[in-house]
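Asks: Spelled out, the chains give:
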Amino acid sequence: MNVNSNTEKPIFIQIAEQLEDKIFTGVFREETQIPSTNEISALLSVNPHTVLKGMNILVDGEIIYKKRGLGMFVMTGAVEKIRRKRKSRFYEQYIAALIEEAKKLQMTKEDIISLIERGYQNGSHSGQ
Amino acid sequence: MGAIQVNDVTKRYKDVPALDHVSVTFELGKIYGFLGRNGAGKSTLINIIANRVFADSGEVLIDGIPASENMAVHDKIFCMSETDLYDRDLKVIEQFKWTKRFYTDFDMNRALTLSEKYRLDVNKRFKALSKGYQSIFKLVIALSLSVPYVIFDEPVLGLDANHRELFYSLLLEAFEEGDRTFIIATHMIEEVSNIIEEVVLIDGGRILAQESVEELLESGYSVSGAAEEVDGYCAGKNVIGYDELGGLKIAYIMGKKNALPKGSDLQISAMDLQKLFVKMTERSIK
Chain A
1 MNVNSNTEKP
11 IFIQIAEQLE
21 DKIFTGVFRE
31 ETQIPSTNEI
41 SALLSVNPHT
51 VLKGMNILVD
61 GEIIYKKRGL
71 GMFVMTGAVE
81 KIRRKRKSRF
91 YEQYIAALIE
101 EAKKLQMTKE
111 DIISLIERGY
121 QNGSHSGQ
Chain B
1 MGAIQVNDVT
11 KRYKDVPALD
21 HVSVTFELGK
31 IYGFLGRNGA
41 GKSTLINIIA
51 NRVFADSGEV
61 LIDGIPASEN
71 MAVHDKIFCM
81 SETDLYDRDL
91 KVIEQFKWTK
101 RFYTDFDMNR
111 ALTLSEKYRL
121 DVNKRFKALS
131 KGYQSIFKLV
141 IALSLSVPYV
151 IFDEPVLGLD
161 ANHRELFYSL
171 LLEAFEEGDR
181 TFIIATHMIE
191 EVSNIIEEVV
201 LIDGGRILAQ
211 ESVEELLESG
221 YSVSGAAEEV
231 DGYCAGKNVI
241 GYDELGGLKI
251 AYIMGKKNAL
261 PKGSDLQISA
271 MDLQKLFVKM
281 TERSIK
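Going down the list, the sequences are from chains A and B. So for the first sequence, my numbering puts the first residue at 1; every next one is plus one. So for the second sequence, my numbering puts the first residue at 1; every next one is plus one.
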């Protein structure tokens with residue numbers, strides 16, 4: 001994990017996103033404990049209140065929950081929930097941005113489709 | 001709720017005003033960045049809070065007790081300062097023992113553990129320490145006290161990158177131990193921008209801003225592009241500075257970002273804390 005002060009994205013959102021990604025990729029598994037606010041704060045040299053704010057986004061999104069006196073744990077079903085959220089954002093995050101850039105470059109719809117096909121071919125070579 | 005309250009403090013050195021009716025509050029439980037250019041009045045205010053200098057008018061309250069009542073606030077506040085108030089001939093370990101006599105809250109074991117972490121030789125005399133290690137020595141003392149309010153005046157002066165990182169992580173560790181307030185006066189703005197929660201910005205003896213880092217970062221932004229287009233966009237906005245590079249113009253603007261007109265080639269970006277500080281304090285130099 002690391003934070004970058006030189007982007008538009010507030011630090012607490014960066015922390016929420018990175019924790020979410022670690023949960024999604026299985027670094028922190030469901031019903032296991034994630035690092036404490038203090039541990040993350042010391043690791044990243046970030047104010048503990050900022051870390052807490054990031055964690056609260058995941059609490060509100062029902063990705064993690066607090067066990068009294070123990071700490072934060074990953075909810076059962078968190079991975080599936082993250083998958084659904086990411087899928088629903090796929091269009092605006094990738095497709096819309098792709099089309100916008102393609103238009104600037106005066107590329108046609110056919111150009112893009114053939115590039116996507118090429119991407120899948122290359123992907124299958126590398127054993128994906 | 002505890003706090004250091006500075007109420008309407010004014011201080012003049014001969015005819016030169018150093019602080020001009022300054023009011024500001026440092027709440028318990030937060031890490032503050034106390035920022036200002038050289039000569040802005042930072043050290044004067046710190047010295048008044050630490051009761052080393054007297055204000056001409058106004059008062060400082062620490063948890064409701066006047067800071068000038070030395071004995072009553074003694075166990076509440078500690079100030080690590082740039083200037084050396086230590087006996088240069090004493091060994092580090094002896095300085096620790098003296099500190100223990102004056103502050104019952106001084107944790108000797110912690111001081112020794114920290115010395116080891118920083119590789120500070122406790123058998124050396126203060127005057128034999130390098131500039132960087134003199135700073136480290138003062139930091140070790142400040143971090144070994146469990147008083148609620150600690151002020152760090154230029155804490156990382158002369159420290160190399162490794163020691164600075166070590167300091168910031170030890171600072172956060174100490175902060176998490178309980179309800180306390182750290183006030184960091186520093187010129188290394190980028191380094192502390194993620195550590196501090198609130199900013200107190202002083203300029204020309206007046207408080208220019210007291211806000212959370214987040215609010216402050218949202219209050220300014222920059223817009224760049226072709227000079228004419230930038231000028232058009234800036235009309236009626238509070239522009240605090242420009243940079244120009246050939247045909248490229250960058251304007252720094254205070255206020256809420258509003259969306260760019262459709263099809264505009266302008267680019268809007270956030271300002272980091274240091275840039276914002278530079279632009280906000282540049283304006284006031286005459």
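Hints in this document: simulated from the structure, not taken from any laboratory. Mixed in with the good hints there might be a few duds.
No more than 30 Å apart at the CA atoms, straight line, and that leaves these computed lysine-lysine pairs for BS3-like [what the hints assert, rightly or not]: (1) Lys-103(A) / Lys-81(A); (2) Lys-87(A) / Lys-237(B); (3) Lys-9(A) / Lys-91(B); (4) Lys-30(B) / Lys-91(B); (5) Lys-9(A) / Lys-100(B); (6) Lys-53(A) / Lys-66(A); (7) Lys-103(A) / Lys-100(B); (8) Lys-131(B) / Lys-9(A); (9) Lys-100(B) / Lys-127(B); (10) Lys-9(A) / Lys-97(B).
Asks: Would the hint linking Lys-9(A) and Lys-91(B) be met if the CA-CA limit is 30 Å?
Replies: 48 Å, violated
Asks: Below or equal to 30 Å on CA atoms is what counts here, so check Lys-103(A) against Lys-81(A).
Replies: With a Cα-Cα distance of about 33 Å, the restraint between Lys-103(A) and Lys-81(A) is violated, given a limit of 30 Å.
Asks: Hint check: Lys-53(A) vs Lys-66(A), CA-CA at most 30 Å. Holds or violated?
Replies: Holds: Lys-53(A) and Lys-66(A) sit about 14 Å apart, inside 30 Å.
Asks: If you draw a straight line from the CA of Lys-103(A) to the CA of Lys-100(B), is it 30 Å or shorter?
Replies: Violated. Lys-103(A) to Lys-100(B) sits at ~71 Å, over the 30 Å cutoff.
Asks: Are Lys-9(A) and Lys-97(B) close enough, with their CA atoms no more than 30 Å apart?
Replies: 47 Å, violated
Asks: Within 30 Å, alpha carbon to alpha carbon, are Lys-30(B) and Lys-91(B)?
Replies: Measuring from Cα to Cα gives roughly 34 Å; hence the hint is violated.
Asks: Is Lys-87(A) within 30 Å of Lys-237(B), Cα to Cα?
Replies: 40 Å, violated
Asks: Holds or violated: are the alpha carbons of Lys-9(A) and Lys-100(B) at most 30 Å from each other?
Replies: Violated, at roughly 45 Å.
Asks: Do the alpha carbons of Lys-100(B) and Lys-127(B) lie within 30 Å of each other, as the hint requires?
Replies: 21 Å, holds
Asks: Please work out if Lys-131(B) and Lys-9(A) have their alpha carbons no farther apart than 30 Å.
Replies: Not OK: Lys-131(B) and Lys-9(A) at ~38 Å, beyond 30 Å, violated.
Violated hints for the displayed structure, listed by number in ascending order: 1, 2, 3, 4, 5, 7, 8 and 10.
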